[in-house]
Every structure is written in structure tokens, then in C-alpha cells.
Amino acid sequence: MTNSVFSKRIGLKIALNIAGIIIIVVALLIFAVIMNIQKSMLKGAENIMASRATSIGNYINFQMRDAISLGIASASKIGMMLDANENISIDTLKQEAYSINSVSKTIAFSGIYLNLNGGDSISKDGIFIGSFQDTDRVSMLDKATVERIIMSSRPPELAFKSAKPVLGVPTLRNINGKNIYTISANFPIFKHGKVVGLIQQRLDLDFIQEALSHSVGDIIYEDVDRYMIDRSGVIIADTLGQYRGKNLSDINNTSEFKKEVIDNILDSKDVSTTLDFRGMKRALVSQTFIIPPFNIKWNALMAVPKNEVLKDLYSLVVFIVISSIIAIVVIIFLFYFYINKAFIKRVRNIQATLIDTFAVINHEKAINIPKLDTRSKDELGVISNVINIAMDKTKTSLSKDSEAVSEALNVAKTIEEGNLSVRILKLPSNPQLIELRDVLNNMLDVLELKIGSNMNEIERVFDSYLKLDFSTSVLDS
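Oh and the sequence shown: position 367 is 367 in the working numbering, straight run, nothing missing.
Hints in this document: simulated from the structure, not taken from any laboratory.
Just so you know, not all the hints are guaranteed correct.
The calculated EDC-like cross-link candidates involving lysine to aspartate or glutamate, where the alpha carbons are at most 20 Å apart (straight line), are [to be verified]:
#: 1; residue 1: 400; residue 2: 373
#: 2; residue 1: 124; residue 2: 136
#: 3; residue 1: 345; residue 2: 364
#: 4; residue 1: 105; residue 2: 204
#: 5; residue 1: 43; residue 2: 66
#: 6; residue 1: 395; residue 2: 364
Work out the full structure: start from the sequences and follow the hints.
Here you go:
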């Protein structure tokens, strides 16, 4: 039934075909717009996150530089005193260690190692003095504890031998009975250009956790994960609080993630990409910053779900789709009614006129066909005008043919009555009828010439002859 209705309505066909074209064009347009908007939104999100990552990096850089500068200043101060051949008492060293901790809450431990007897490495024979900060209280530690803390990692030895500041790697250390996630900063102490000791600071990395989790670098998106990553790809801190001390590859070890993220971070390059991360597509952005004076680069990595970035786009897509559907439906109806009025109705009139014309030609209907409206000058108007002209000619031709045929019938009746002098005078339009008319008239001429014009007179003479009366003759022969 649907196919039958569809096949019989050209207006519906045109409207649906136009609707199909509009739907395809609108769909392609929507797709192109969405792709461009999505690209712009992701780029905008990456720029925002890059800016916030830079802010986090600057904040952490400032905090570490502020804390580290205390160790640098103390190492320089002690070195200057040694160069001046001043006697440095244990109390002076204790005061230095205490002062470093009391100035900055970022510093969990400050230790001083000094060995004026020489040596190419850290020796247990040297002086070990240190302090520990717990909450807001600074306490001095015994030599054994300070010695254990300083000698428990390689960076102090590297600083001592290289005569350069050395930054360690983030590790979980037990200091004075408390487990603290720290990183060591080690600064050589010089006497007349030779390393005779060092100052070690252990920075409590919880301040980085706070910086990531709270107001520093806050952005407009929800569910944003933030990570601080060292030069080896180890996570120093993260807002989730579950990846600290792990490597990035522990979260995602795919080749694509390694190529796009891990390798770039290890090469101290910024990252800006969208990849699968922690179970979903996320926009990933990292910014590299330098930790002076160690010239070591860390990365602030930020990850936001792609759906979060594009949530406004999804609302826009729904709005565009609904608006497009409404617009398409309205366009289809308007177009259908316009086509029906401006085109289909006129086509139907032409159709009806042609059907009537053929009915007249086939002698199924009388010659009474209304003319088509030719006021329009478009193609249908031209067709209507041609049809009207053809109809007029057809009417005239049929009328002439009809008159000629009627006259021929009357002539035939007259001939039946015996009168051969009559002729078909009406001129038909049909060439075949004209030829027939001429043939009939010629035949009547011959008959009239050879037989006579009055068959009744001939019949009278024949009747007389049958009665053996040969005295009469055909009067008009």
C-alpha cells in the first residue's frame, strides 16, 4: 500500500528525494561542524591545562627553590667560615641545621656532614648533625640517626665526589620513626676549593600533593587527574593518591602511550595528546620545568576525560540534531505544499487535459475541453500553451472531419434515393479523408457521365422495357 501511494504521487517522491538530499547535506555539515568544534574544544582544553600545569610547575619550582636556597646558603656560609680558618663549633652547626628546618615547612630533615680530616668519600668518622621537623616542631637528632639518613642513599656520595649539588629521587624514608615521602637535596661544603662536607635536605613531598589536590592550578573541568613526574618517569605525587612512587608505565604500558607520553616526558618534552588512559579516552597535557640548581627537569602532567571536555559539545549536538530534524520536517512540508500547488496541481491539470484530448480523439468524449492556464511563463506554462494550440487544431480538425463525414453520409442517402448528381463539398482536415472524398466524388462523376444523374428515371425506362414498351427513353441522359 505504501509503495502504491509513493509510486502514484510525484510530489511525495520529489519531497522525499529532496528531504533525503537535505538530510545528507545537513548530516555532513553537522559532522564537519562537530569535528571542527571538537578539535577546537580539545585544543582549548589542552591550552588551559598547559597553562595550569605551568602554574603548578612554577609553584613547585618556587617552593623547592625557596627551600633549597636555605641549604645552598648554609653550605656557602660554612665554607666561607672554613676558608677564613674560623673554628666552627658543634653548636654553630646545630644552629645551622635547626635554622634551615625552622624557616621552611617543606623541609622535613636537615643534616650536616663535616670531615676536616680529608677523604674522598663520606666517612663515619666525620661530624653528623641534623634536625627533624614534625608539624610545627623542630627537634635535633642524634648522630647515629643523622648518619643513617645521610648514608642510606647514593646522592650524598655523588655530591661529595662530583663537588656539585645533587638531587636524589623520591623515596619513602623513615625519619625519627615517621614514614615520609621525601627527596634529598645535597650541597657540597668547600674549604679552600676542596669538598670537606655537605648539607642534605630532605624535602617533604606532601606539599606537592597539596599543590596538585587543592587550589594551585585549578581548572574549569571536573575529574581532572594531576601528576608530578620526575625525570625517570616516576610519579612523585598524584591527586588520586594511589600512584605515588610508581612509574607511568604501571598505569598504561601500551606502545602508543609509551611513544606519545612516556618517551616525550623522558626526553623532557611537553605532551599534548588524547589517548586511552585509566580506562577511557583522556586529554593529556604535560609541561616541563627545571629544578635549579640541579638542572633537572620534572613534568606536571594533567589528564581530563574527553567526555568532560566535550560535554557542552554533546549538548550542542543534541540541540543541532533536534533543530535540524524540526527544520527538515518544516522544509519538507513547505516544499511539498509549494510543489503541490506550483507544480503538481498544474501537472495534474495537464494530465487531465491530455486524457480528455485523447478521449476525444478516440471518440470517447465530446469536443468540450477547457483550456489550460497559460499565465505562467515557465516551462509548464510553455507546455500548456503548446497543448492549447494543439487542442485548438485538433478541435478544428475533428470538427471539419465530422462535418465532412456527416455530409458524406447525407450524400450516400441521396445516392440511395437514385440521385447521382450530389457531391461531397465539405473539406475534411484528415488527408486520408480528403483523398477518400476526392475518390468518391470522381466515382460519382463517372457514374453520372455513363449512367445519368437520375437512377429513378433509368429504373422507369427499364420497367417500360420489361413491359415491351420501347417507346420511352431516359429524359436527362
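Against the structure shown, which of the earlier numbered hints fail to hold, in ascending order? 1, 2, 3, 5
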